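Novice: Sequence:
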Amino acid sequence: MTYREARVYLDEMSKYGSVLGLDTIRGLLRELGDPQDDLKFIHIAGTNGKGSVLAYTSMILSEAGYRIGRYVSPTVV
-9 MTYREARVYL
1 DEMSKYGSVL
11 GLDTIRGLLR
21 ELGDPQDDLK
31 FIHIAGTNGK
41 GSVLAYTSMI
51 LSEAGYRIGR
61 YVSPTVV
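Per the numbering used here, the sequence shown starts with residue -9, numbered consecutively.
Hints are computed from structural coordinates only; laboratory data are not their basis. Accuracy of the hints is not assured; some may be wrong.
Unchecked claim - SDA-like mimics (lysine to any residue), calculated; alpha carbons at most 20 Å apart, straight line:
#1 40 <-> 52
#2 30 <-> 40
#3 30 <-> 54
Claimed, not checked - Pairwise CB distance ranges (calculated):
#4 -2 <-> 35: 24 to 32 Å
#5 -6 <-> 46: 37 to 45 Å
#6 59 <-> 36: 15 to 23 Å
Small disclaimer: the values here were computed from a predicted structure and weren't measured. In this text, a Cβ means the ideal position worked out from N, Cα and C, and glycines have one as well.
Sequences and hints are given; from them, build the entire structure.
Specialist: In structure tokens form, the structure reads like this:
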């Protein structure tokens, strides 16, 4: 899928309003060749609990023998 085709795809979606669920993004990712399958990281995001989830996940992966690194961006106020 080219950049232009992706833009047309996204523009067409906006004509029909918001659709809840993950089907739309899964379809887009499939059209793009599922690039997320090649990523070698875990992205933790959200409003609350990121630090705890990061700490638990890091410990679990470390104990399982994985090499880990952590990056925490500064708080935006």
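Novice: Please test the hint of 37 to 45 Å on the beta carbon pair from residue -6 and residue 46.
Specialist: Distance hint for residue -6, residue 46 holds at roughly 42 Å.
Novice: Evaluate the given range 24 to 32 Å for the C-beta pair formed by residue -2 and residue 35.
Specialist: holds, 28 Å
Novice: Using the C-beta atoms of residue 59 and residue 36, is the stated range 15 to 23 Å upheld?
Specialist: holds, 20 Å
Novice: Sort out whether residue 40 lies within 20 Å of residue 30, counting only the CA atoms.
Specialist: holds, 19 Å
Novice: With a cut-off of 20 Å on the C-alpha distance, tell me whether residue 40 and residue 52 pass.
Specialist: Distance of about 18 Å is within 20 Å: holds.
Novice: Given the proposed pairing of residue 30 with residue 54, does the C-alpha separation stay at or below 20 Å?
Specialist: holds, 16 Å
In terms of the numbered hints stated before, the structure departs from none.
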